[in-house]
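One letter stands for each residue in the lines below.
There are 2 protein chains.
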Amino acid sequence: MAETRYKVVFQPSGRQGWAREGQSLLEVARELGVYIESICGGHQTCGQCRVDVAEGHFPAYGITSRPHHLSPPDAGERACAERCALKPGQRLACSARVYGDVVIVVPEESRLKRQVIRKAATERTFRIQPTVRPVYVEVPSPRLEESGGEWERVQGELRSRFALAHVTPDPLLLRALPEALRAGRRAITLTLRSDKEAVAVRPGYHDDVYGMAIDVGTTTLAGHLVHLRTGEILQTVSAMNPQIPFGEDIMSRISYVMQQPEGRERLHTLILDGLNALIREATTAAGITPQDVVEVVLVGNTVMHHLFLGLDPTPLGSAPFTLVVQDALDVKARDFGLDIAAGGYVHVLPCIAGHVGADNVAVLLAEAPHRVEGEIHLVVDVGTNGEILLGNRERVLAASSPTGPAFEGAQIRHGMRAATGAIERVRVDPRTLEVRFKVIGEERWSDVWPQDALDAFDVRARSPRHRHRPRVVKARGICGSGIIEAVAELWRVGAIDDSGRFVPGLAEETERFVPMGTKGAFILAWPHESATGEPIVIHSDDIRAVQLAKAALYAGAKLLMQRLGIERVDRVKLAGGFGSYIDPVHALMLGLIPDTPPERVRAVGNAAGDGALMALLDGEVREEARRLARWVEYVETALESSFQEEFVAAIPLPHARDPFPHVEAFLAEAEPWRSRRRARVSRRGRPRRRRSRSLPTEDDAQGDA
Amino acid sequence: MAETRYKVVFQPSGRQGWAREGQSLLEVARELGVYIESICGGHQTCGQCRVDVAEGHFPAYGITSRPHHLSPPDAGERACAERCALKPGQRLACSARVYGDVVIVVPEESRLKRQVIRKAATERTFRIQPTVRPVYVEVPSPRLEESGGEWERVQGELRSRFALAHVTPDPLLLRALPEALRAGRRAITLTLRSDKEAVAVRPGYHDDVYGMAIDVGTTTLAGHLVHLRTGEILQTVSAMNPQIPFGEDIMSRISYVMQQPEGRERLHTLILDGLNALIREATTAAGITPQDVVEVVLVGNTVMHHLFLGLDPTPLGSAPFTLVVQDALDVKARDFGLDIAAGGYVHVLPCIAGHVGADNVAVLLAEAPHRVEGEIHLVVDVGTNGEILLGNRERVLAASSPTGPAFEGAQIRHGMRAATGAIERVRVDPRTLEVRFKVIGEERWSDVWPQDALDAFDVRARSPRHRHRPRVVKARGICGSGIIEAVAELWRVGAIDDSGRFVPGLAEETERFVPMGTKGAFILAWPHESATGEPIVIHSDDIRAVQLAKAALYAGAKLLMQRLGIERVDRVKLAGGFGSYIDPVHALMLGLIPDTPPERVRAVGNAAGDGALMALLDGEVREEARRLARWVEYVETALESSFQEEFVAAIPLPHARDPFPHVEAFLAEAEPWRSRRRARVSRRGRPRRRRSRSLPTEDDAQGDA
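First to last, the protein sequences are chains A and B. Residue 1486 in my numbering sits at position 510 of the first sequence; the count goes up by one each step and never skips. Residue 1568 in my numbering sits at position 592 of the second sequence; the count goes up by one each step and never skips.
Looking at chain A on its own, in the form it has when it is part of the complex (with noise of 0.2 Å):
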């Protein structure tokens, strides 16, 4: 008997191919590699695999498509129909059988391997398409003549249902399925990775799967937890790294390892507990808990990745900078005392070489310039270790920059990480040299701030009845953004010299600066504008840490961009995980990268988060990646001679030599009263200083070598 086929096209896929009379779409779909969404494998309970009949004659398939060409909707079919409020017409692929030729056209969400574009951290498209995927199981009772064990039926339904035929089981999961299929009534869900392991397991039906993307800066850990299904960024959670008391930037970190016998294992404890701590915040925040998240990406500097991995640091610290591994990784998180689900895993992004992180090639993934057709981008990471990329598709220069903490608010007097109470932004009044600010946490400008509001938070005027309600969030301290505003600022308005000292008579200028021996301190928020009654101050000391910090980075982009053989790049992309995003023409005043025009440099924020993001969302940015991380070419900035001298050469504002013709505009505002100040300097006559001016001392030079 000759067996009755009918065709089935796939939309927009245009997949098609002959099904057998009564076979369900779902099958169909499978045979021909059309990938649709399916959670429950048929039970008619996710209502995942919804799709639509085309309806009319395709010339082009030499075919008519009929809704009655299938099986019409059973009782169950109709029942998920309601209650996941299935458009009319829609259909379950799982339940819809073929008598006829059909055109069936899958909808975006019904997709296993989607191309949604999300809004995340900043606006990218994010593909979704995770390496962790919720399938629901009903497993059938165990009977006496039956041999397998409570697994092998679940693999029995996972062949079946799934048409997945290898799915092993980590070990640990095996000891909670019986209590899950107890508590589910035999029916559950698993957490498959790569459809070749289940990870985890829950009693009854469930569609929600979370993962975390981290970076793990030297000062600063952030992280994204995920809906992995939806994309969806449930929090955005941020950190210290608790390793900070053990060293400032990544060279003081391996010297800790190098001189304490134990400090190696310390310090990996320290970022685990961290990276715990991290993990648990964001979960409780979102109500879930760290077992609920089955997958992590990690990325970070290739310190910070050795450290992570309990892999000794100490090789990365001289020439030739030897990594241990630097292909990625693809671990148990319980390998590494990483709190997530038993059977979870971590993806560690690949490193590039010795001082080129995964963090580095996370940014890449984010800003992709190796996307770029003609036009030569320069992508900077602006953190405790700067990343620099430059290059476009025919070829992608990356290094690495000794910026040091500066930027992340540690080593600066009143600097904190970006949280609730960081001056963020700082504008100062060139004429009077009054200074307006932002505070995370606050809309308003400080000069707009309510004066009762300021009056009740005086600590000298703090009394039972006010405490209830801030009504307004005064400032606690400097974040990176802050930082290089108010320097860049106080450049601009002619208050530091391009040396980044204070102008003399300054004092009998404003109260707000206070005179300090050979250096001073300029005040931006007054006692009743802080929440610690103290007032925050720049000090000339931490005015030259964000010089030499700018001067790395400027060396190093100045670097990549010779090596290139460029005077000039397009486009400028400014990453930074560090609360606000930078200001463009801030930091163009302060030189942080090389002369652009302004509209062609843009803000990226974290972007090493949200390549870590994509890396998280998507198992196929994992293999680019990989590829990404052997074809780039990487320069090793501390063994360059030229970096020295282009690195002294960068630390005066803008720059001893570079021209920087589109600061100038910006500085017209700042006139009459910025050429006053500055002439103050050469009136006065301060040899020294204007000697450091052209060519710093080498003290200057070594202070953060």
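In case anyone wonders, no lab produced these hints; they're calculated from the structure. Any given hint could turn out to be false.
Stated by the list, open to error - Chain B regions said to be covered by chain A (calculated; three or more residues, Cβ under 8 Å): (1) 984-996; (2) 1110-1121; (3) 1287-1300; (4) 1638-1647.
Claimed, not checked - Cβ pair distances, simulated, as ranges: (5) A:M1234 <-> B:T1265: 24 to 32 Å; (6) A:M1234 <-> B:G1263: 54 to 62 Å; (7) B:A1051 <-> A:G1350: 52 to 60 Å; (8) A:T1396 <-> B:G1293: 38 to 46 Å; (9) B:K1495 <-> A:G1313: 57 to 65 Å; (10) B:E1543 <-> A:D1171: 48 to 56 Å; (11) A:G1313 <-> B:R1135: 27 to 35 Å; (12) A:G1541 <-> B:E1114: 17 to 25 Å; (13) B:T1101 <-> A:S1294: 55 to 63 Å.
Computed from a predicted structure; not experimentally measured. Ideal Cβ placement from N, Cα and C applies to all residues, glycine included.
Given chain A, work out where chain B should sit, using these hints.
Relative to chain A, chain B alone:
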């Protein structure tokens, strides 16, 4: 330019193909799928790839083979040949390059997949083809211009020298890699598992790699420590299962787990402690460390299997006797706290069904009834939980029987495990009722022990000058085989009747019998023959325990015979991991197995342990085990209504109903003393006892239920 190629034939496989001029024999072999062992990958270090060159004309292949068709040995090969004791004319396949047609003979010891006959615990054939193998790698020093990490350099060597492109490192191995490279001056030996994962790293060259096969019994843990390349058994160790205080048999262990909230975790921890102690004992005795062990194969009954894996065994306590998992598992030892190499694995053989465990599969592997043509084989593995297999290549039935721990020396007044000082053989003189016995660790039977040695070690005469060295190993207790022989001998000489009770008037015949009310005890070893100074006896209760144990085994075997529709078996194999081999005649007299000509009954030692050993030495055996576990038909004795009846009928010696004609011949020697003693039973008239002889009371039957 045409490439010059020569014909190369490998013997004994007969594989042939073309070699490019100058290609090494090792490369040619790899391309042709001829597996030649090489640890050093062509560094002329290991000498493992030695081959012979056949000389002459070979019409079958149409070539003439000459030694000079290969490149002459270079200095490195000559040095290696001397160091590794190559035979004259032997070449290293890694060094010898092809410059003409050759026929190469690969000796047995150079084959990567070997078929070597090994004498192990018993005389069995073991195939040596382990899942783990050592590879020696000389890792290039890192250079600044290279971006890969140390692992990538290792991987490069694996690719170029071993044609292994996809080896992943155990993440914890990476922690040890830099130190190994330093200590080995960049030469290391990796241990690869299935050529896919590097599970261990050592500095320098090593060709040894170790594994352990462990039978986790309810009462006894028994393990072999093995050199996995040679198959040599370095140590055989055993210990009591530390779970014993929480239940003598599997049902009482299950009860403990059901009644105690922390019971499962406690038994899991205990078994791990026991296994770790066993591994430590074996490795210390062999002069290595537990961390040198990279692979462990575990077998055990289903309850031991579940408790080791931390799985809930309570569903195994009642129908439908549900396993959590039936299939074999490969788990990282560290996931279960097993203290071997950090990256090492445990392979757990599959179970068959609820009460038919991985130990049964191991017995199946070792005794292979499924390979028998025609004849029906019965395999009985005597332990606290007895495993029974019956059939041939057509069909094999499997069952387990709740034997109880009597045969392992537990629940026996002077029982002990098979260790130094255990009475393993017993003979009773039919005329005098005098006893002679043999003790483990002492070659002489007790009746020829020198008198002065006995005096010297008599506790009453112990003095310092005699303490130095015992001249005879005295008895400390009775192990399984001793118990079987003691009971069988007492029955043979008529000291106990068929119901297992001491016959009347024994005390008048011999001082060895001590009446105790309706019961009594028979002294096997006098105080001066005992290491403790106390007599070692067989008590009425011990005889009862042995009867119940043997009845359970017999009933299980009988049930399988009924299922197969047979009345007699062709051969019996008596397995058991408790010391000395069971004597077939005594087993028959006891009625432990169905009546069979004694020459067709063979003791085969620890079959479960040997099966585990086979799976340890040969990865393919593991696949066979998985197939067999699904193929075997299992019988759940606990649910067979006839089991209870068969059990009750099997309690008398040798059996209440079934004839044992082959035993009769062995009773002749004991006549007429035997008849005379047995006659006293009916003379004095003991109706209650006679009743129990043909039909035991309910109490008897339920004693073991």
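A quick look at each hint next to the structure:
1. Counting residues of the segment 984-996 of chain B whose C-beta lies closer than 8 Å to any C-beta of chain A gives 0; at least three are required, and the coverage claim is violated.
2. Here the segment 1110-1121 of chain B counts 3 residues with a CB under 8 Å from a CB of chain A, which clears the bar of 3, and the coverage holds.
3. For the segment 1287-1300 of chain B, the assignment as covered by chain A holds, since 9 residues bring a beta-carbon within under 8 Å of that chain's beta-carbons and 3 suffice.
4. Counting residues of the segment 1638-1647 of chain B whose beta carbon lies closer than 8 Å to any beta carbon of chain A gives 0, which falls below the threshold of three, so the coverage claim is violated.
5. In this structure the supplied range 24 to 32 Å holds for M1234 of chain A paired with T1265 of chain B, their Cβ-Cβ distance being about 28 Å.
6. At roughly 35 Å, the beta-carbon separation of M1234 of chain A and G1263 of chain B lies outside the given 54 to 62 Å, and the hint is violated.
7. The supplied range of 52 to 60 Å is met by A1051 of chain B and G1350 of chain A, whose beta-carbon atoms lie about 58 Å from each other.
8. Distance hint check for T1396 of chain A and G1293 of chain B: the Cβ-Cβ separation is about 57 Å, which falls outside the suggested range of 38 to 46 Å.
9. Checked against the hint of 57 to 65 Å, the pair K1495 of chain B and G1313 of chain A passes, with Cβ atoms roughly 59 Å apart.
10. In this structure the hint that E1543 of chain B and D1171 of chain A lie 48 to 56 Å apart at CB holds, the actual value being about 52 Å.
11. About 33 Å separates the C-beta atoms of G1313 of chain A and R1135 of chain B, a value consistent with the hinted range of 27 to 35 Å.
12. A beta carbon spacing of about 39 Å between G1541 of chain A and E1114 of chain B contradicts the range 17 to 25 Å that was offered as a hint.
13. For T1101 of chain B and S1294 of chain A, the Cβ-Cβ distance of about 56 Å falls inside the hinted range of 55 to 63 Å, so the restraint holds.
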